[in-house]
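For chain A, the structure is supplied; the task is to place chain B on it using the hints.
Protein chains in written order, with this note's numbering: chain A, 277 to 365; chain B, 266 to 677.
Since the hints were made in silico from the structure, they are not lab data.
Certain hints may be false.
In the DMTMM-like style, the derived pairs of lysine to aspartate or glutamate whose C-alpha atoms are separated by at most 25 Å in a straight line are [stated by the list, open to error]:
| no. | chain 1 | residue 1 | chain 2 | residue 2 |
| --- | --- | --- | --- | --- |
| 1 | A | LYS289 | B | ASP534 |
| 2 | B | LYS490 | A | ASP324 |
| 3 | B | LYS490 | A | GLU337 |
| 4 | A | LYS359 | B | GLU314 |
| 5 | B | LYS490 | A | GLU311 |
| 6 | A | LYS350 | B | ASP483 |
| 7 | B | LYS391 | A | GLU329 |
| 8 | A | LYS359 | B | GLU313 |
| 9 | A | LYS359 | A | ASP314 |
| 10 | B | LYS391 | A | ASP324 |
| 11 | A | LYS290 | B | GLU396 |
| 12 | A | LYS289 | A | ASP340 |
| 13 | A | LYS352 | A | ASP297 |
| 14 | A | LYS350 | B | GLU313 |
| 15 | B | LYS490 | A | ASP340 |
| 16 | B | LYS324 | B | GLU306 |
| 17 | A | LYS350 | B | GLU314 |
| 18 | A | LYS293 | B | ASP534 |
| 19 | B | LYS490 | A | GLU339 |
| 20 | A | LYS352 | B | GLU314 |
| 21 | B | LYS513 | B | GLU306 |
Every beta carbon over 12 Å from chain B, so not counted as near; a handful from chain A, in silico [to be verified]:
| no. | residue |
| --- | --- |
| 22 | MET277 |
| 23 | VAL280 |
| 24 | ASP286 |
| 25 | LYS290 |
| 26 | LYS293 |
| 27 | PRO295 |
| 28 | THR303 |
| 29 | THR306 |
| 30 | LEU308 |
| 31 | THR343 |
| 32 | ALA356 |
Pulled a few chain B residues facing chain A out of the computed Cβ check, cut under 10 Å [said to hold, decoys possible]:
| no. | residue |
| --- | --- |
| 33 | GLU314 |
| 34 | ILE410 |
| 35 | ALA476 |
| 36 | MET477 |
| 37 | SER481 |
| 38 | ARG492 |
| 39 | ASN493 |
| 40 | ALA532 |
Owing to the predicted nature of the structure, the values given are computational and were not obtained by experimental measurement.
A virtual CB, placed ideally from N, CA and C, is assigned to each residue, including glycine.
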Amino acid sequence: MDDVATKIIDILKKNMKEPSDSIALDTPLTDLDIESLDLAVIVFDIEDTFGIEIPYNANEEVEDFATVGSVVDKVKSIMAESKSSGAAA
Amino acid sequence: MAQPKDRRRVVVTGQGVVSSVGIGQDAFWSALKKGECGIGEVTLFPTEELYITIAGEVKDFDPKERCQSKQFMLADRYSQFAGCAAGEAVKQSGLEMPLQGEKGYRAACIIGSGIGGVSTMELSYKMLFEEKKRATHPLTLLKTIGSSAAAHVSIEYGITGPCFGVVSACSTAPHSIGLVYRMIREGLCDLGIGGASEASLNWGTTRAWQAMRVLSPDGLFPFAKGRNGTVLGEGSGVFVLEEYEHAKERGATILAELVGYGMTSDAADMVNPSIDGASSAMQIALDDAGLSPGDIDYINAHGTATTVNDINETRAIRRVFGNAANNLSISSTKSMHGHCLGAGGGVEAVAAIKAIEENIVPPTMGFNEPDPECDLDYTPNEAREREVTYVMSNSFAFGGLNAVLIFGPPPA
Numbered sequence: 277m278d279d280v281a282t283k284i285i286d287i288l289k290k291n292m293k294e295p296s297d298s299i300a301l302d303t304p305l306t307d308l309d310i311e312s313l314d315l316a317v318i319v320f321d322i323e324d325t326f327g328i329e330i331p332y333n334a335n336e337e338v339e340d341f342a343t344v345g346s347v348v349d350k351v352k353s354i355m356a357e358s359k360s361s362g363a364a365a
Numbered sequence: 266m267a268q269p270k271d272r273r274r275v276v277v278t279g280q281g282v283v284s285s286v287g288i289g290q291d292a293f294w295s296a297l298k299k300g301e302c303g304i305g306e307v308t309l310f311p312t313e314e315l316y317i318t319i320a321g322e323v324k325d326f327d328p329k330e331r332c333q334s335k336q337f338m339l340a341d342r343y344s345q346f347a348g349c350a351a352g353e354a355v356k357q358s359g360l361e362m363p364l365q366g367e368k369g370y371r372a373a374c375i376i377g378s379g380i381g382g383v384s385t386m387e388l389s390y391k392m393l394f395e396e397k398k399r400a401t402h403p404l405t406l407l408k409t410i411g412s413s414a415a416a417h418v419s420i421e422y423g424i425t426g427p428c429f430g431v432v433s434a435c436s437t438a439p440h441s442i443g444l445v446y447r448m449i450r451e452g453l454c455d456l457g458i459g460g461a462s463e464a465s466l467n468w469g470t471t472r473a474w475q476a477m478r479v480l481s482p483d484g485l486f487p488f489a490k491g492r493n494g495t496v497l498g499e500g501s502g503v504f505v506l507e508e509y510e511h512a513k514e515r516g517a518t519i520l521a522e523l524v525g526y527g528m529t530s531d532a533a534d535m536v537n538p539s540i541d542g543a544s545s546a547m548q549i550a551l552d553d554a555g556l557s558p559g560d561i562d563y564i565n566a567h568g569t570a571t572t573v574n575d576i577n578e579t580r581a582i583r584r585v586f587g588n589a590a591n592n593l594s595i596s597s598t599k600s601m602h603g604h605c606l607g608a609g610g611g612v613e614a615v616a617a618i619k620a621i622e623e624n625i626v627p628p629t630m631g632f633n634e635p636d637p638e639c640d641l642d643y644t645p646n647e648a649r650e651r652e653v654t655y656v657m658s659n660s661f662a663f664g665g666l667n668a669v670l671i672f673g674p675p676p677a
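The following block holds chain A by itself, in its conformation from the complex (with noise of 0.2 Å):
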């Protein structure tokens, strides 16, 4: 696992009552007991984190956040744009 999904794990874990160690990038965020309110911490804790924008929004289910998987693409596919608009820039 990279630094990027181990990263999001912890942030992850952070937000759960009782963190489990058995966290995949294959694990469904529904199996992690996180609730919306939840969801909107974890999501403004990765753009902290990684200092980027994540466009989620709680009344769409977003395939972006089926899985712990899913969310590491979408976060390393939003460095890399704003990184080539940067460049670009």
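Okay, now just chain B, sitting in the frame of chain A:
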């Protein structure tokens, strides 16, 4: 449930409204009937670094023109809205104001706000922390406090009885109105001004709401399949409530009777509403009014257009109304004026009373495709004529704080 015969009855003799679809009840109601939307791009503050850039702003509000006295020029926008709405309500009531002597002590003034003068606070923090000013404006504190709207209005109209603000997020207005209703009913007062006001649209507040991930970037579409969150609004709804005999004696024109009030708390979760809390508030209001579910013609729904509220409210209505739910007209006028937060239930109560007056149900706009989980008649996209005798107005706030009002026709 039969009510005691000697119970004091409470009527509405004046109402006032400030909203993104119009200032004053005539402009407001005419817009709602036509399905006009007051939601648009934010103009009150720069939206840099925000991805939510729409709101239901009150346009062209000039306090010099809209408020009675000079004291309101030194008040926060939220108090000015309350002053404007109270002015309209008092004028319509025909009461001789300011009240004199003993009469003042027999009157209440309960005007709440979800958050009070938060834009004044934001400005003062900007001056202190960003511009490194040595002091804030001397009126910062008085403008900010959540009781200043109530205090300003009491000063304006000589109300020397109970006066304070109420805070319960998006249920603030019905809680305030309901309190005045109970004070009059129980004999503490003979009349009162009740309502709420909100003017919290600024950069910091929008940023805070944005972080909760419940705002829609493109519009407020209650109960529709494509709904994707709520849209912040601002405004005020204020009423003159009066004991029925008191109003009759002075020959006042009665707009409606406030017949029922129910309040409950979910005591469960800060953001996820419960069917139990919402449905019990509706049931308590019905019991208070001595009405059956079949007596209600129209529900002005809380209808915030978040995924969870609209399903929960639909299920709660189904639980309380049973088969009678199929004959109800329901709408969320938030689709037009936005979510006025603490003032929401006040602004919406004006729509409820106008619906009784004109036998017209205002529409739910932006209703393009039904959601299978929201299976009631939401009056999609067009106002409807139907006989409206009793109206229920729902408010369900963050924290699980529920308040429901029921209005009926003027006593025969």
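These are the hints, each one checked on the structure:
no., hint, verdict
1, LYS289(A) to ASP534(B), "holds, 21 Å"
2, LYS490(B) to ASP324(A), "violated, 32 Å"
3, LYS490(B) to GLU337(A), "holds, 13 Å"
4, LYS359(A) to GLU314(B), "holds, 18 Å"
5, LYS490(B) to GLU311(A), "holds, 22 Å"
6, LYS350(A) to ASP483(B), "holds, 23 Å"
7, LYS391(B) to GLU329(A), "holds, 24 Å"
8, LYS359(A) to GLU313(B), "holds, 20 Å"
9, LYS359(A) to ASP314(A), "violated, 28 Å"
10, LYS391(B) to ASP324(A), "holds, 22 Å"
11, LYS290(A) to GLU396(B), "violated, 36 Å"
12, LYS289(A) to ASP340(A), "holds, 19 Å"
13, LYS352(A) to ASP297(A), "holds, 23 Å"
14, LYS350(A) to GLU313(B), "holds, 24 Å"
15, LYS490(B) to ASP340(A), "holds, 21 Å"
16, LYS324(B) to GLU306(B), "holds, 12 Å"
17, LYS350(A) to GLU314(B), "holds, 21 Å"
18, LYS293(A) to ASP534(B), "holds, 16 Å"
19, LYS490(B) to GLU339(A), "holds, 18 Å"
20, LYS352(A) to GLU314(B), "holds, 21 Å"
21, LYS513(B) to GLU306(B), "violated, 46 Å"
22, MET277, "holds, 27 Å"
23, VAL280, "holds, 21 Å"
24, ASP286, "holds, 21 Å"
25, LYS290, "holds, 17 Å"
26, LYS293, "holds, 14 Å"
27, PRO295, "holds, 21 Å"
28, THR303, "holds, 22 Å"
29, THR306, "holds, 15 Å"
30, LEU308, "holds, 17 Å"
31, THR343, "holds, 19 Å"
32, ALA356, "holds, 20 Å"
33, GLU314, "holds, 9 Å"
34, ILE410, "violated, 28 Å"
35, ALA476, "holds, 6 Å"
36, MET477, "holds, 6 Å"
37, SER481, "holds, 7 Å"
38, ARG492, "holds, 7 Å"
39, ASN493, "holds, 5 Å"
40, ALA532, "violated, 16 Å"
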